[in-house]
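Listed below are the residues making up each chain.
Protein chains: 2
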Amino acid sequence: MTQIYDRVAVIGLGLIASSMIHAMRRAGLAGTITGYDASPAHMQMAAEDGLCDQLAGSAAEAAEGADLVALCVPVGAMGQVAEEIAGHLKAGATVTDVGSVKRAVVDAVAPHLPPDVTFIPGHPMAGTEFSGPRAGFAELFDGRWCLLLPPEGCDPGALGKLRALWTAMGATVEEMDPDHHDLVCAVISHAPHLIAYTMVGVADDLRRVTDSEVIKFSAAGFRDFTRIAASDPTMWRDVFLNNKDATLEILGRFTEELFALQRAIRTGDGDMLHDYFTRTRAIRKGIIEAGQDTAAPDFGRSTRRPGE
Amino acid sequence: MTQIYDRVAVIGLGLIASSMIHAMRRAGLAGTITGYDASPAHMQMAAEDGLCDQLAGSAAEAAEGADLVALCVPVGAMGQVAEEIAGHLKAGATVTDVGSVKRAVVDAVAPHLPPDVTFIPGHPMAGTEFSGPRAGFAELFDGRWCLLLPPEGCDPGALGKLRALWTAMGATVEEMDPDHHDLVCAVISHAPHLIAYTMVGVADDLRRVTDSEVIKFSAAGFRDFTRIAASDPTMWRDVFLNNKDATLEILGRFTEELFALQRAIRTGDGDMLHDYFTRTRAIRKGIIEAGQDTAAPDFGRSTRRPGE
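Note that the protein sequences, when read in sequence, are chains C and X. So the first sequence is numbered by numbering that gives the first Met the number 0: it starts at 0 and just counts up by one. So the second sequence is numbered by numbering that gives the first Met the number 0: it starts at 0 and just counts up by one.
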């Protein structure tokens, strides 16, 4: 593959950032990669592992002279980082981000950036329950979607290069509008995460009643929730605070629906339950046919104990 | 391994039953396995695959002369099957079941059985989202728990043999009381399943708003819910109708907690959210340390598209 950007700055060195760095290196997409993270522990890990070609002392220093600046910090920190780097950006540079919420990021970042810089918000739809500079791997984006949200009148050359970068990192790029993005993500990601966090919290409280049984016998459904609820707390706090309206709307719909099912259980309406569960089964089939999950039973995960 | 039962009857030939048959054969635990299922389609598949040593024309015929009768039908059908087989059971036989609810099964089955038969309810804590005679595999119970719920004064010889069977099929056996079982399962399995069904139902409704995007971009959390919500509709209808009180109690707790988190989002209480999400993260760690799930990111599932 050919190099797409000469100098890339990655600000924030978590799961997505470190995966991007590994994916760019796998295909030789960047000349030099400069990294920065506000956490000294993350900087130490990045230094020990040689994660980046060089580490900067600040976000501004990292951005200096970069052709592409990728903001990979929690959504709530995007505005401040944009303000810090604004005076240090090279004319003609592209700034992008990887936040899970887009309207709030556009509103927080865009006003700070000078007019000779192109801002193209992004959202790679990939992740795991792990976080930090050591959680990343080059294959994270392979076969996954990356949404780009170019503003009206966006420079086509800058957009083409960013599309080429994500494609070469393994993703399929699609363009979307920020508000529609936030609604879709509230349904497929934000509300499910809050619900998983809630169920795990309830189980944690009940642990006192049920001793360690909740953990011991977790295989029966609950453990799928715990994986989601093990995601990075800061990232998710910021997602909910910054996609408040869409998340609350979906949660309202969810509660309404849950009450209808609870009522069917209470009144013994087996037909309603059976119809509902038959309908939801079809969605799984659609997802597997769309290539978005494995058809292997139980995700194909090994159920053996460690050491066996 | 040595044979544990001479003649085993398996009534209902779904995921659990077919896995038991494969696991018994793997270790040579049964002399002859006779199967029966009320569904002609299931009987046809079982016949084509040679799943059992022989197929019976009715539940009563299958139970005739068996040393162990395993009831593997949905929870709501247990009582009727018990009534059908009651007059055909051999003196000294053991009857067990694999239902996910225990108090209702005990109440429905026990009154029908003659006094010279030992009834030991059971619940293997294992499964996948697939169902039917072709969904089973010998390894399903390896490293998983099987709960047995012997009544007071249960014949120790009969209990010892059933424990030996489950152990030889790969499971670790633990004894529990039916009411406590139903509460624990409401937390770790029944409530999570209802919640997953609900969230998938909401997304299905919104599909009209968001076109096919819900399926297309499902990787971001939602697809974990769809796996759970793809489970057998009849089985789950019966679980909810038969573990009504415990499920509704846990769902009540869940709603209370969800409202508290929604309120934190609405009022912008980031500290509350962050603390909550940090606490739930610890539970995942406990589950992995207890050997009940893989530590591999994203369950170690392949994210590649079919054909790649």
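Among the hints, erroneous ones may be present.
[As the list claims (entries may be wrong)] 30 Å max Cα-Cα, derived DSBU-like pairs, lysine-lysine:
1) C:K160 x X:K89
2) C:K215 x X:K215
3) X:K160 x X:K215
4) C:K284 x X:K89
5) X:K160 x C:K284
6) C:K89 x C:K160
7) C:K215 x X:K89
8) C:K243 x X:K284
9) C:K215 x X:K284
10) C:K243 x X:K160
No lab work stands behind these hints, which were simulated from the structure alone. Model, not experiment: these values are computed from the prediction.
Here is how each hint holds up against the structure:
For the proposed pair K160 of chain C and K89 of chain X, the alpha carbon gap of about 76 Å is over 30 Å, so the pair is violated. With a C-alpha separation of about 35 Å, the suggested pair K215 of chain C and K215 of chain X falls outside the 30 Å cut-off, and the hint is violated. Restraint check: the Cα-Cα separation between K160 of chain X and K215 of chain X comes to about 50 Å, which exceeds 30 Å; the hinted pair is violated. Distance hint between K284 of chain C and K89 of chain X is unfulfilled; the C-alpha atoms sit about 44 Å from each other, more than 30 Å.
For the proposed pair K160 of chain X and K284 of chain C, the alpha carbon gap of about 40 Å is over 30 Å, so the pair is violated. Taking the CA atoms of K89 of chain C and K160 of chain C, the gap is near 17 Å; set against the 30 Å cutoff, the hint holds. For the hint linking K215 of chain C to K89 of chain X, the alpha-carbon distance of about 37 Å lies beyond 30 Å, and the restraint is violated. This hinted pair checks out: K243 of chain C and K284 of chain X have alpha carbons roughly 29 Å apart, not beyond 30 Å.
For the hint pairing K215 of chain C with K284 of chain X, the CA-to-CA distance comes to about 12 Å; that is within 30 Å, so the pair holds. Restraint check: the Cα-Cα separation between K243 of chain C and K160 of chain X comes to about 57 Å, which exceeds 30 Å; the hinted pair is violated.
Against the hints set out earlier in the document, violations occur for numbers 1, 2, 3, 4, 5, 7 and 10.
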